[in-house]
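**Student:** If you want the building blocks of each chain, they are given just below.
Protein chains: 2
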Amino acid sequence: MNKFFYPNSVAIVGVSDSATNLARIIFFNLIKLGFSGKIFGIGQMTAQKFKHILFPSISVLPQAVDLAVILTPAKTVPDILAECGQRNIQRVIIESGGFSEYDERGTGTSEILADIAGRYSIRFVGPNCIGTKNNRNGLYLTFAPVHTMGPVGSISLISQSGGMASYYYMHLQEQGLNMSKGVSIGNKLDLDECDFLEYFIADPETETIGLYLEGIERGRTLCQLAANTHKPVIVQKSNRKPGSSAIACSHTAALASDDTIVDAALKQAGIIRVRTSNEFLNVLKIFELPRMKGNRVAILSRSGGHAVITADACLEYGFELPPFPAHFFEQLDTIYQSRVIAQQNPLDLGEIFDFPLFARIIEQALQLPEVDGVIFNHLYGARLEIDSSRRFLIEVKKLQQRYHKPIAVVIATALSEFSAAAQVIQYPLFLEPDDAVYALAKSRDFYAFKKRVPQITTQDKGSLILRQSKGQPFEKLDDNPNLIEAMDFVTALGVPTAPYRGCFSEIEAKTAAENLGFPVALKIVSPMASHKSDVGGVILNINGTEALEDALLTLKQRFQKQFPGARYQGFLIQKMMQQGHEFFIGAKRDKQFGPIIMLGLGGIYVETIRDTVMKLAPIDRSEALTMQSELRCEGILKGIRSQPPLDSGTLAFVTTLVSQILIDYPRIYEIDLNPILVCEQGLHALDVRITVA
Amino acid sequence: MNKFFYPNSVAIVGVSDSATNLARIIFFNLIKLGFSGKIFGIGQMTAQKFKHILFPSISVLPQAVDLAVILTPAKTVPDILAECGQRNIQRVIIESGGFSEYDERGTGTSEILADIAGRYSIRFVGPNCIGTKNNRNGLYLTFAPVHTMGPVGSISLISQSGGMASYYYMHLQEQGLNMSKGVSIGNKLDLDECDFLEYFIADPETETIGLYLEGIERGRTLCQLAANTHKPVIVQKSNRKPGSSAIACSHTAALASDDTIVDAALKQAGIIRVRTSNEFLNVLKIFELPRMKGNRVAILSRSGGHAVITADACLEYGFELPPFPAHFFEQLDTIYQSRVIAQQNPLDLGEIFDFPLFARIIEQALQLPEVDGVIFNHLYGARLEIDSSRRFLIEVKKLQQRYHKPIAVVIATALSEFSAAAQVIQYPLFLEPDDAVYALAKSRDFYAFKKRVPQITTQDKGSLILRQSKGQPFEKLDDNPNLIEAMDFVTALGVPTAPYRGCFSEIEAKTAAENLGFPVALKIVSPMASHKSDVGGVILNINGTEALEDALLTLKQRFQKQFPGARYQGFLIQKMMQQGHEFFIGAKRDKQFGPIIMLGLGGIYVETIRDTVMKLAPIDRSEALTMQSELRCEGILKGIRSQPPLDSGTLAFVTTLVSQILIDYPRIYEIDLNPILVCEQGLHALDVRITVA
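If you're matching them up, the sequences are chains A and B in order. According to the UniProt record's numbering, the first sequence is numbered sequentially starting from 1. According to the UniProt record's numbering, the second sequence is numbered sequentially starting from 1.
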């Protein structure tokens with residue numbers, strides 16, 4: 001992997017002397033940026049203007065290079081890749097577009113590339129990308145003209161889109177956020193974000209890792225990598241909505257995955273997911289500062305209005321604003337002879353026009369044990385304050401080096417001055433209070449998260465709950481089990497179900513109802529009626545034999561009306577439960593992230609209120625309880641007002657049990673228990689649907 | 001009001017020759033900015049350096065001025081204000097701080113100011129503000145040095161905080177958003193945001209009005225003004241959380257109002273509420289363009305990544321992305337010989353490096369009848385693209401003048417270039433796709449809202465529903481009515497209640513239960529047990545006389561245990577209802593906004609799921625139905641899956657009825673109907689609580 005960032009020699013394939021030739025721009029970028037390795041141009045030398053030696057092909061290169069960069073038309077790439085293999089060049093970046101993103105033929109070419117790479121043990125980046133960047137050695141393989149590289153820092157980026165990579169490289173440099181390395185992975189036919197994430201996690205030159213992604217194929221791997229590093233991993237995952245997947249598919253051949261799963265999985269892995277570019281930059285900024293190790297913020301502000309806005313944001317993001325102690329104000333009053341409007345946090349310094357004093361007040365706030373981090377709002381605009389502001393910011397930067405608490409500085413000034421100050425000071429600055437508070441919250445949450453044990457289990461390691469259960473092997477089933485089979489299955493595994501009997505005749509049904517005791521529910525059993533209540537296949541509260549006879553007749557008539565000529569498989573008679581609150585538990589298999597477990601408010605609320613929590617499965621008891629605490633309706637489980645608490649322990653047990661089912665039974669694609677009546681003691685699953693792959 | 005913006009003469013009170021004298025800065029600002037009226041300085045002339053005439057006091061001025069600006073210590077202000085009155089100066093701006101915001105004495109001074117103003121019919125702005133600004137005549141009364149005023153535009157601002165006013169003035173000017181007028185209202189002891197909003201609504205020079213507020217005292221008036229103008233009103237209301245009110249109170253003596261009420265009321269008035277400064281600026285930008293009159297966006301993008309992000313945002317904000325017709329691509333292909341990766345919306349123009357062509361593609365998109373607005377993402381960075389980008393942006397600006405559909409341009413470039421381009425082009429530019437899409441959505445929603453009839457009714461105009469009802473006058477009550485009285489009251493007004501009897505003895509209770517028919521509920525009646533279920537004051541599902549006797553005993557024992565020695569007033573026997581879904585309706589009187597009506601999911605869900613909608617009361621039937629459609633649980637009312645729809649008509653009727661109660665019964669402070677069981681036919685209120693003022 002190292003050769004993608006530290007090649008001793010690079011070959012650029014596709015150079016010509018045309019002014020718009022893109023490979024040529026890469027060639028000259030490397031020269032301009034002082035790339036430390038050897039550069040070989042491969043292409044047609046047609047004019048004298050080109051002052052460097054060009055080789056007509058890879059095969060005639062005087063030496064094997066560490067890295068080849070290809071930027072020729074798509075159809076020529078397979079042969080060039082094979083040439084690389086023949087010359088034992090095993091690291092290649094294919095920047096050319098025109099593969100899978102817009103035609104049928106392209107897709108074929110993609111497969112050919114994979115074949116060739118496999119044959120010669122080549123690992124490649126792309127196609128359709130702008131390659132790698134390394135601020136330490138002047139390597140920058142983009143085909144847009146570049147003039148400066150920016151100082152060396154410890155942020156590394158992975159971007160699926162070349163455009164977004166360029167955008168972030170530009171903004172990081174302008175805002176004094178210094179990079180270590182960057183890679184644009186494009187269509188990721190071979191190497192993908194997980195490969196580079198693994199590399200950056202191991203890379204001692206990288207501290208913070210940002211990713212822009214449009215598709216995530218190896219979701220489980222991504223989450224496991226992030227969960228097991230102490231480096232912050234920030235992801236902007238676009239292509240969130242089905243409707244926007246069209247362009248992403250053509251752009252970098254991404255496959256849209258269900259965004260709620262992505263959200264839940266990244267959260268569980270401690271990955272910081274951002275929505276906008278502004279959020280992305282703000283989170284990168286905050287990780288340039290010491291971590292926010294607690295929840296208590298001191299707000300210092302030159303503008304009262306900004307103080308109020310900052311306090312709002314702090315409370316919204318769950319921060320506390322501890323009052324400053326008396327000695328803090330005594331020092332301000334006596335030592336500095338300063339005057340503050342009101343002795344409170346947030347502190348309005350609007351009456352103080354002494355810039356050096358601001359830094360000393362910040363220092364005093366940092367020294368308070370009751371403060372975990374400081375936000376300073378610096379409002380300035382008038383030309384005469386620019387120099388004093390810059391001196392103040394340099395003081396802040398020095399202070400930051402002495403204290404292990406973050407100082408988030410908002411400079412409320414013109415954008416042009418913001419840009420100028422950031423580049424001069426090389427300290428992360430925020431555009432407005434909300435940006436700083438949002439970022440501090442991410443730092444705090446990340447710090448708290450990393451104190452816990454990683455939570456992503458591997459799929460094969462699952463517990464033995466199910467294997468030890470009395471459940472019958474389920475492997476023989478080709479079709480989806482019917483209601484009776486599904487109820488039998490989960491009951492056998494240990495899920496408490498409301499007492500029921502599967503019946504294949506009306507006589508059986510009547511006997512079952514008498515044995516169970518009225519009132520009962522009657523449900524039709526048929527693969528066509530798997531959403532039973534939609535087709536009128538359920539009759540509740542049947543109070544006696546006569547009513548049951550009527551109900552059986554009604555159900556049969558309804559079924560025959562809806563599915564003329566079809567046959568139902570039987571009936572389920574179930575005892576009516578009088579108590580309990582409706583929840584649901586579901587599990588499904590996701591292509592990108594593997595098995596997923598869901599818990600939520602059940603019954604009619606599943607689709608209206610949508611109060612659900614999702615995690616990667618399997619989960620243990622403590623995570624099952626965490627899921628409950630993340631529900632909006634947590635209060636119902638805990639017991640609010642005079643309501644008694646419900647049996648959250650048994651609910652957690654069943655959640656872990658269900659989370660294990662998809663691991664132990666690879667044929668099961670989806671399982672839904674809805675509703676589950678959760679009572680003060682115990683619970684009863686009333687209905688189960690199982691879909692096999 | 002006009003004299004605050006168009007004074008023929010201004011007196012600045014408090015000028016000295018000290019370099020840090022603030023009044024002096026105002027004086028010189030006016031001269032520097034070429035203010036068109038006469039300027040009189042009032043103050044102590046102690047040195048020869050000051051080249052202008054200073055008058056020792058208002059009383060010796062050679063003429064009465066249109067406007068006096070006072071910036072002297074708080075304690076001197078009352079006398080100066082009185083002097084103004086004596087010279088018949090009736091428009092004053094008090095910029096001095098130190099009144100109500102930080103000491104007891106100050107509050108007294110505030111009252112003295114009000115007295116003097118009343119005596120001389122003076123209207124004043126402030127104290128604690130930076131006064132007014134008018135780009136047309138060079139009037140800018142801030143005490144920070146200012147160098148330029150910016151071009152004349154049609155945006156007017158009202159800001160409670162001087163700091164926020166300065167911040168927005170600076171950013172508007174930098175981003176080419178041109179202002180008409182501005183006012184910083186400070187502590188608003190006399191004139192407040194409503195006064196200036198009314199003025200700007202009538203002002204032909206103002207098209208868009210932005211407000212930064214920390215407190216809203218005349219909420220109903222604010223909403224009525226905004227609801228009845230076709231000018232967009234944008235409000236950033238901070239001081240949202242109780243905890244942050246400390247600083248706001250000291251800063252501009254604001255009173256925090258319940259933020260959810262503010263949210264609901266502003267929404268109902270068609271006011272666009274923003275959270276951050278970035279949102280504020282983005283919304284101001286979009287109203288510089290033609291309104292978004294529909295829901296269909298064409299996305300054009302130089303970067304595929306930005307195209308995906310923009311499409312995500314469009315779908316999130318509820319926009320549609322209509323496919324481009326075949327002739328659109330034919331024109332691109334044949335006339336322009338251009339090449340696009342894929343023929344879709346969003347359209348990735350990444351392969352086109354022809355800037356003039358971009359403008360022509362935008363024009364073609366504008367001409368499509370299926371497109372209501374265009375977003376163009378322009379990613380550029382390399383120095384050599386700056387000039388061509390500027391020319392392109394000028395073309396866009398010209399195009400915009402010819403078409404009545406908005407062209408929202410995102411320039412994904414460095415902040416410094418963003419700033420430079422905005423000032424050169426004088427066209428609203430957005431920093432990232434989400435900003436543009438968010439703003440377009442606000443434009444669309446505002447346009448749709450303004451096609452409806454204004455929805456804010458006055459409090460006194462309420463319908464006659466209640467007056468015509470058989471309800472007893474409720475005025476005699478001093479204390480909160482007990483449960484029986486409250487049930488009787490709403491039943492008399494026409495609210496369907498579950499059959500009940502108020503009983504004052506156990507014998508009565510038994511008779512009542514037999515008459516109503518078992519099963520019944522038993523509830524204790526006592527002012528101490530107004531949250532009955534919290535104190536165990538409710539027993540449900542009583543199935544017979546014997547069970548009722550037990551229940552009565554239990555209830556009495558519980559009550560005596562919790563409130564030893566206290567007396568209960570009686571019992572309520574209520575028929576158990578077997579059907580229906582729990583909702584709640586509530587109304588309360590808000591100090592700032594007047595009567596409020598609420599509808600939500602009821603019972604245990606009120607406080608856990610918090611699915612509620614709020615509006616200013618009274619409302620009519622159509623608004624009551626709108627409230628239902630804004631609930632997350634709307635599906636329950638409409639009937640989802642096999643569930644039948646519930647009686648939303650009766651629910652709407654009861655909602656309007658309750659919304660009227662606070663209008664017709666000024667003594668009632670709060671009323672809660674919870675739960676209300678809504679059935680397929682009709683509904684039953686099960687419980688009522690009424691609080692009198």
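Any given hint could turn out to be false.
Claimed, not checked - Pair by pair, the computed Cβ-Cβ distance ranges are:
#, chain 1, residue 1, chain 2, residue 2, range
1, A, Thr511, B, Glu320, 53 to 59 Å
2, A, Gln86, B, Arg383, 21 to 27 Å
3, B, Gly639, A, Ile112, 54 to 60 Å
4, A, Glu670, B, Glu320, 27 to 33 Å
5, A, Lys75, B, Arg391, 31 to 37 Å
6, A, Gly108, B, Glu680, 57 to 63 Å
7, B, Ser121, A, Gly318, 46 to 52 Å
8, B, Ser533, A, Gln560, 44 to 50 Å
9, B, Ile507, A, Ser622, 51 to 57 Å
The set of hints was computed from the structure by calculation and includes no laboratory data. Heads up, the beta-carbon is just placed ideally off N, CA and C, and yes, glycines get one too.
**Student:** Look at each hint and say if it fits the structure.
**Tutor:** Status of the hints after comparison with the structure:
Between A:Thr511 and B:Glu320, the C-beta spacing of about 57 Å keeps the proposed range 53 to 59 Å intact. The hinted window of 21 to 27 Å between A:Gln86 and B:Arg383 is violated, with their beta carbons roughly 41 Å apart. Against the hinted window of 54 to 60 Å, the Cβ-Cβ separation of B:Gly639 and A:Ile112 comes to about 55 Å, which satisfies the hint. About 31 Å separates the C-beta atoms of A:Glu670 and B:Glu320, a value consistent with the hinted range of 27 to 33 Å.
Between A:Lys75 and B:Arg391 the beta carbon distance is about 36 Å. The supplied range of 31 to 37 Å therefore holds. Range check, A:Gly108 to B:Glu680: about 59 Å between beta-carbon atoms, so the 57 to 63 Å window is met. With their beta carbons about 50 Å apart, B:Ser121 and A:Gly318 fall inside the hinted range of 46 to 52 Å. For B:Ser533 paired with A:Gln560, a C-beta distance near 47 Å keeps the hint of 44 to 50 Å intact.
A beta carbon spacing of about 56 Å between B:Ile507 and A:Ser622 agrees with the range 51 to 57 Å that was offered as a hint.
Consistency with the previously given hints fails for number 2 only.
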